[in-house]
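A.B. asks: Spelled out from the first residue to the last, the chains are:
2 protein chains.
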Amino acid sequence: MKENNETSQSNIDEVKAERHKARQQKVKESVDAKIAKAQKEQGVLLVLTGNGKGKSTSGFGTVARSVGHGKKAAVVQFIKGNWECGERTLLEGAGVEFHVMGTGFTWESQDKEKDTQAAKRAWEAAEILLNDSSIDLVMLDELTYMVSYHYLEVERVLDALKNRPSMQHVIITGRACHRSIIELADTVSEVQPIKHAFEAGVKAQPGFDY
Amino acid sequence: MKENNETSQSNIDEVKAERHKARQQKVKESVDAKIAKAQKEQGVLLVLTGNGKGKSTSGFGTVARSVGHGKKAAVVQFIKGNWECGERTLLEGAGVEFHVMGTGFTWESQDKEKDTQAAKRAWEAAEILLNDSSIDLVMLDELTYMVSYHYLEVERVLDALKNRPSMQHVIITGRACHRSIIELADTVSEVQPIKHAFEAGVKAQPGFDY
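Chains H and R supply the protein sequences, listed in that same order.
In terms of numbering that gives the first Met the number 0, the first sequence is residues 0 to 209.
In terms of numbering that gives the first Met the number 0, the second sequence is residues 0 to 209.
Pulled out of the complex, with its shape left as it was, chain H reads as follows (with noise of 0.2 Å):
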C-alpha cells in the first residue's frame, strides 16, 4: 500500500516535471519568436515617468550599463540637489561627462526668470550633446519639470530629440512627462508609487536615497 503511494507519487511529480517542460519550452518559443523579429537597430528613447522612486537610479544603472561596454555617456541634471549623489563621483570617475543646473532644488526655488535662465543653459548643453555622433547615450534627468514649469518649450525639445545621430540612445527622467515626448518615445516606463519608506517616518539616506 504504501509502496503504491510512492509509486503513484513519483508519478504525479513526473508529471508535474512534464508539465513544467512544457509550459517553459512554449515560452521560449514565444520569447525566442519575439528575439528574431526584433532585428532593427536604432539608438532609443527611453523615458522613464511616474511618480515612484527609481525614474533616476534607472538612468544612471543604464549609464553605468553602457560605460561598462566602453561606450561613451554624458549627463545633464536638470535639478541639482542640495547634496552631492554618489552616482555622479562613481560614472564622472569612469569617463562620463556631467552637466549640472546651477540652481538648487527647483521647488525650493521661487524666482521664475532666474530658474528659467539655468534651464535655458543646462538645455543648450544637451542640444551640444545631441549634436554629436561620438556621444552612444544621452541622460537628460528631470527633464520632464523644465517643460511642465514652462522653463523649456517642448517644441525645442522634440526638435532636438528628433534631429539627434540616429544610433544615439537618449534618457529623459522624472515625473508627468509631457505628452508629445511619450509619443516621440521608443520606450516608456512609468514607476508607480506602492509604498515609501519616507512617508513612514524613515529619513533620506546617503548611498542609498542620495
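You can trust all of the hints, since none of them are fake.
Using 27 Å as the maximum straight-line C-alpha spacing, the simulated DSS-like pairs for lysine-lysine come out as follows:
| # | chain 1 | residue 1 | chain 2 | residue 2 |
| --- | --- | --- | --- | --- |
| 1 | R | 202 | H | 27 |
| 2 | H | 27 | R | 194 |
| 3 | H | 119 | R | 20 |
| 4 | H | 36 | H | 70 |
| 5 | R | 119 | H | 20 |
| 6 | R | 202 | H | 39 |
| 7 | H | 20 | R | 111 |
| 8 | H | 27 | R | 113 |
| 9 | R | 161 | R | 39 |
| 10 | R | 39 | H | 194 |
| 11 | R | 161 | R | 71 |
| 12 | R | 36 | R | 25 |
Worth flagging that the hints you see were computed from the coordinates, not collected in a lab.
For this one, chain H is given, so just place chain R on it according to the hints.
C.D. replies: Same frame as chain H, but now just chain R:
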C-alpha cells in the same frame, strides 16, 4: 494706447511671477515639513517590481550610488542572461561583490530540479550577505521569479530579510513580487510598461539593454 497695453502686460507678468513665487513657497514648505518629520535611520527594503523596463537598472544605479559614497555593496543575480551585462564590469571594478546563479535564463530552462538546486545555492550566498553587517547594500536581482517558480520558499526569504542587520539596505527586483515580500518592504515601486521599442521590432542593444 500702446503704452497702456505694455503697462498692463507688465502688470500681468508681475502678478504671474508673484503667483509662481507663492505656489513654489507652498511646495517648499510642504517638502520641508515632510523632511523634518522623517528622522528615522534604518536599513530600507526596496522592491522594484512590475512588467516595465528599468527595474534591474534602477537597482544597479543605487549600487553605483552606494559605491560612490564609499559604502560596501554586493549583488546576487538570480537569472543570468546569455550575455555579460555592462554594469557588472564597472561595478565589480569598483569593488562590488557579484554572485551569479549558475544557469541560463530560467525561461530557457526546462529542468526544474536543476534550476531549484541552482536557486538554492544562489540563495545561500544571499543569506551569508544578509547576515553580514559590513555589507551596507545587498541587491537581490530577479529574486521574485525564484519565489513565483517555487524554487525558493517565501518563508525562508522572509526570515533572512527580517533578521538582517538593522542598517542594511536590500533591493529586490523582478516581476510579480510575492505579496508577503511587498508587505514587509519599506518602499515599493511598480514599473509599468507604457510602450517598449522591442515590441516595435528594435533589437536589444549592448550598452543600453544589457
